[in-house]
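2 protein chains.
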Amino acid sequence: MADLPDTMRALTLLNDGYSGTSEGPQLDDLARWVTLEDVSVPKPEGRQVLVKIGLANVNPSDIHYIKGEYGQPRRKGMPAGFEGMGTVVSAGEDAEAQGLVGQRVAVSTSQGGSGTWAQYALTDKAAVVPLAKGLKDEDGAALIVNPMTAYAMVDLVQKAGAKSFVMTAASSQLGKLMASLGREKGLHSVATVRREAHRSPLEGLGAGTVLNTERDDFSTMLDQAMKQHAPTILLDAVGDTSSATIFRAMPAGGRWILYGKMSPEVPKLPDLGQLVFQMKTIEGFWLAEWMRDASMEDKKAGFETVQKRFISGAWATDVSDTLPLDEAPAKLASAMEGANKGKVLLKP
Amino acid sequence: MADLPDTMRALTLLNDGYSGTSEGPQLDDLARWVTLEDVSVPKPEGRQVLVKIGLANVNPSDIHYIKGEYGQPRRKGMPAGFEGMGTVVSAGEDAEAQGLVGQRVAVSTSQGGSGTWAQYALTDKAAVVPLAKGLKDEDGAALIVNPMTAYAMVDLVQKAGAKSFVMTAASSQLGKLMASLGREKGLHSVATVRREAHRSPLEGLGAGTVLNTERDDFSTMLDQAMKQHAPTILLDAVGDTSSATIFRAMPAGGRWILYGKMSPEVPKLPDLGQLVFQMKTIEGFWLAEWMRDASMEDKKAGFETVQKRFISGAWATDVSDTLPLDEAPAKLASAMEGANKGKVLLKP
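These protein sequence lines are chains A and B, in that order.
Under UniProt numbering, think of the first position of the first sequence as 1, with each following residue one higher.
Under UniProt numbering, think of the first position of the second sequence as 1, with each following residue one higher.
Since the hints were made in silico from the structure, they are not lab data.
There may be inaccurate statements among the hints.
Note that the list lumps identical chains together, so a pair holds whenever it fits in one copy or between two copies.
[Stated by the list, open to error] Straight line, CA to CA, 30 Å or less: simulated DSS-like cross-link-like pairs of lysine-lysine:
hint, residue 1, residue 2
1, K227, K76
2, K268, K227
3, K268, K300
4, K185, K343
5, K268, K343
6, K343, K52
7, K185, K52
8, K52, K308
9, K299, K227
10, K133, K76
11, K299, K268
12, K163, K133
13, K136, K76
14, K331, K159
15, K331, K341
Extracted from the complex, chain A is given alone in its bound form (with noise of 0.2 Å):
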């Protein structure tokens, strides 16, 4: 694997540190935010590697980052793009990561690292995840972020001893995931969607009910599922006033667990009486953290499960578009416009 080139093109931030703003997910033109450059080829040290990217994913995590609005400060210069698939080309001193060239691996990046919307990205070993044969490329660019949050998030319900839960945004590409991970497991998912055609999809998935936020009986089947399946747990990538309506709804001890912001209101702190008297209570989860606290074993267990799944074609990964590296400032958001729509990667 030697012969690296000196530079390499990507595509690198323009801005440092927060934005201070609350647009949330939405693009309306990525040259705003990011440049295409030639930019040195990192060096991996320690227990760094370096990825040779095949395909880089774009996640609504990655737009809230480059515009400022996400948990880590921007660092202006730097290639951007969180997640994507690619060949271990060079590594550190560190046996592990050594024994990691060569082999091709879903890559997410680590602090210290460098991002994937680049032909090379430089990250710790502990983000990176061999691929199993047979796992098609664009399911290995999008393994990680997705997936992995929604193995997460449903095993800490398990794991909570619920035997149901809510999710808001169901028809997004994470909640379709947690309704199959549900089913499998045999909870219960209540699932809010905002459109009629966005139900039997996932009914099809596993969802268990599924509830339309913008349907003038919205409130009333709520109150019916909660009394019916009485969920504890709230998994909220929303965070508006009908989320704090579902947690009103919800029964004593009930969590709200926000994952997302995709709406940029900011709602109301719902009745705090129910903190008090009710045991309930509002909280976060961020993938990177579970990845920083949970057991190797949890870890391992998500990696093959989602793995599995996507092999077997119980999942797949809805790609949209697949545009090159340099097309992407010009026409990434054009590409990712419209509701719902599979996912655009980057081709470096």
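Following the hints, position chain B against chain A.
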């Protein structure tokens, strides 16, 4: 202890259930919510004891309750009052309950029992605490709700391994108790008040840093205190926008623990990204839950701790008035007027 009367005087609730309002713990006119009448003296069964009330307490939670704004539904015709002191005059067949007959006790109400704003109150044996010799009756009447909440919350801070905490409305009786308990345990308290006059008494009691939320430099002083002491627990009696401001300023891992709701204002949910990326949580504390879930040793240690402090004179129940039960409907509201006045007790 024989020869109990068939009927007793009591202040009984005029309404059932919840009101749906959230006016807060201000009292305009007690007669809107309770009436003085003769009712049957209840008969203890099983684990229950009957206490002849010597003094009953009036807490903010009592006012919330009679208004239908507390965590339990009202029961029309039942005596109100969550706390008091007196003598156990009869008991159910349970041997431990029988063993309490004749003892001077602090009493709090329990499910299936009756209130303390009456000549007699019925409660579970676990909801009475035998009083040490030397403890004044008025300290006994206010031993549980405030002192035990203060004890349990400071204990929570200590068990969480924190070295400091923030408390709002710190000039309340509860805040004063937490300031001194915090100092004894080596915890630095950051205490918010709304008047400059409350600063030095609180500092004298042991508050580490006193911040005035009404001063122009509040947010500067707050940021400074956060940097210096990095408290990860906020014990909040207010639940308004200034509570949310404190929560936002707290370091990663910060827990906003509501134990009261003095402000009728409903704040907006603070920066949801902090819940996700900084693992912050919003939760509640309710003494009734703590009393149910804490170990016998923790409870025993708590009751010993608080009684010892009252007997030594380190703590004192600040009583501004004692009203006969039959004068309460006309006089209680005016007796309670004025911010941070002492307690008003009722004498049946």
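Now the hints, each set against the structure:
In the homo-oligomer, the alpha carbons of K227 and K76 lie at most 30 Å apart only across protomers (27 Å), although the nearest pairing inside one protomer, at 51 Å, exceeds that limit. For the homomeric pair K268 and K227, the shortest alpha-carbon distances inside one copy (24 Å) and between copies (28 Å) are both at most 30 Å. For the identical chains of this complex, K268 and K300 are neighbours neither inside a copy (39 Å) nor across copies (40 Å), given an alpha-carbon limit of 30 Å. When the C-alpha separation of K185 and K343 is checked against a cutoff of 30 Å, the pair qualifies only within one copy, where the shortest distance is 27 Å, while the shortest distance between copies is 55 Å.
In this assembly of identical chains, K268 and K343 lie within 30 Å of each other by CA distance neither inside one copy nor across copies; the values are 33 Å within and 33 Å between. In this assembly of identical chains, the alpha carbons of K343 and K52 lie at most 30 Å apart only when taken from the same copy (21 Å versus 72 Å across copies). Taking identical chains as interchangeable, the C-alpha atoms of K185 and K52 are never at most 30 Å apart, the minima being 36 Å within one chain and 55 Å between chains. Taking the shortest alpha-carbon separations for K52 and K308, only the intra-copy value of 24 Å comes in at or below 30 Å, while the best inter-copy value is 69 Å.
Taking CA atoms no more than 30 Å apart as the test, K299 paired with K227 passes in neither setting, with 34 Å inside one copy and 35 Å between copies. For the homomeric pair K133 and K76, neither the shortest alpha-carbon distance inside one copy (37 Å) nor that between copies (70 Å) is at most 30 Å. In this homomeric assembly, K299 and K268 never come within 30 Å of each other (Cα to Cα): the closest approach is 36 Å inside a single copy and 36 Å across copies. For the identical chains of this complex, K163 and K133 are neighbours neither inside a copy (35 Å) nor across copies (51 Å), given an alpha-carbon limit of 30 Å.
In this assembly of identical chains, the alpha carbons of K136 and K76 never lie at most 30 Å apart, being 33 Å within a copy and 67 Å across copies at closest. In this assembly of identical chains, the alpha carbons of K331 and K159 never lie at most 30 Å apart, being 43 Å within a copy and 54 Å across copies at closest. Taking the closest pair of Cα atoms, K331 and K341 come within 30 Å of each other only inside a single copy of the chain (15 Å); across copies the shortest separation is 67 Å, beyond that limit.
In summary, the numbered hints that this structure violates are 3, 5, 7, 9, 10, 11, 12, 13 and 14.
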